[in-house]
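Residue 1 is where the sequence shown starts when you use my numbering, and the numbers rise one by one after that.
These aren't lab readings, by the way, just hints derived from the structure by calculation. Glycine included, every Cβ here is placed at the ideal spot set by N, Cα and C. You may find that some hints are simply not true.
Unchecked claim - In silico DSBU-like links for lysine-lysine, alpha-carbon gap of 35 Å or less: (1) 183 x 243; (2) 148 x 193; (3) 183 x 256; (4) 81 x 248; (5) 81 x 44.
To be verified - Cβ pair distances, simulated, as ranges: (6) 230 x 27: 47 to 57 Å; (7) 213 x 164: 30 to 40 Å; (8) 225 x 145: 17 to 27 Å; (9) 186 x 71: 32 to 42 Å.
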Amino acid sequence: PDIMHVEEGQIEPLRDIEIINLELVLADMQTVAKRLHNIERDAKRDDKTALLEQAALGKAESALSGGAFASSAHFTAEETKAIKLLNLLTMKPIMYALNKKAGGHNLDEAKDPRYAKLLQALNEMHAIYVLVDAAIEGELNDVAGDDKEQLRREFGVLGDGVDELIRSAYRLLGLMTYFTTGKDETRGWTVKKGSTAPEAGAAIHSDFKDKFIRAEIVPSETLLEAGSYSAARERGSIRTEGKEYVVKDGDVIEFKI
Numbered sequence: 001p002d003i004m005h006v007e008e009g010q011i012e013p014l015r016d017i018e019i020i021n022l023e024l025v026l027a028d029m030q031t032v033a034k035r036l037h038n039i040e041r042d043a044k045r046d047d048k049t050a051l052l053e054q055a056a057l058g059k060a061e062s063a064l065s066g067g068a069f070a071s072s073a074h075f076t077a078e079e080t081k082a083i084k085l086l087n088l089l090t091m092k093p094i095m096y097a098l099n100k101k102a103g104g105h106n107l108d109e110a111k112d113p114r115y116a117k118l119l120q121a122l123n124e125m126h127a128i129y130v131l132v133d134a135a136i137e138g139e140l141n142d143v144a145g146d147d148k149e150q151l152r153r154e155f156g157v158l159g160d161g162v163d164e165l166i167r168s169a170y171r172l173l174g175l176m177t178y179f180t181t182g183k184d185e186t187r188g189w190t191v192k193k194g195s196t197a198p199e200a201g202a203a204i205h206s207d208f209k210d211k212f213i214r215a216e217i218v219p220s221e222t223l224l225e226a227g228s229y230s231a232a233r234e235r236g237s238i239r240t241e242g243k244e245y246v247v248k249d250g251d252v253i254e255f256k257i
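Throw the hints in and build the complete structure from the sequences for me.
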């Protein structure tokens, strides 16, 4: 696929990142300035909520004015909550996907000075990044099962770049997956880590939270080892949990409402 760069015809990934980051900073500066203006009257009346938000916005403005992300400012828990609804772009988690080879217009070899410079900068930023061979993943997109793994080996590609991208995104966003299963379908549901059973049930339907009674739980590895839900039950591998149960990544859950 064609890759769009900030300056057409020139591939300098680190420069692209710097320019895009600057655009994010400038956009947030406008948002912060507008919000400060809107709450100015309330802050002058010593409104506690406005004063708290004003303090948080001041910290964000200071960071942004120096060219840094708002996330680099040291907010208290209350200040973070106060400006959350602004959805500042530079407060959001960031991950970089590096297209590492396959094509004359991509970063191909580790010896490429642009690649080395980029990795050095990302490591200094303590940034999260993953390597994805976009061309190979595109070719493998319509291939399934063992054929896909065989082609990976033939291409000399170690690991699934898209899979690692998804896993890294889940870790970055604090997400996990639990499963529901039946005769016709097994399905994964994405929820926040730390979700209780009723909260996880809400991903399916609000009734699973509002009318929650209990949940039957079995780890997916245990269920696969047993071979079937009935076999897992016979082994005593399925346990009953209540409203306070914190769902674990990979749990298979049957909700009782």
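Consistency of the hints with the structure:
1. 183 x 243: 26 Å, holds
2. 148 x 193: 31 Å, holds
3. 183 x 256: 17 Å, holds
4. 81 x 248: With Cα atoms ~27 Å apart, residue 81 and residue 248 stay inside 35 Å; holds.
5. 81 x 44: Distance ~21 Å between residue 81 and residue 44 Cα, so the pair holds.
6. 230 x 27: 47 to 57 Å: 55 Å, holds
7. 213 x 164: 30 to 40 Å: 39 Å, holds
8. 225 x 145: 17 to 27 Å: Hint holds: Cβ distance 21 Å, inside 17 to 27 Å.
9. 186 x 71: 32 to 42 Å: Holds - the Cβ-Cβ distance for residue 186 and residue 71, about 38 Å, lies within 32 to 42 Å.
Checked against the numbered hints given earlier, this structure breaks none of them.
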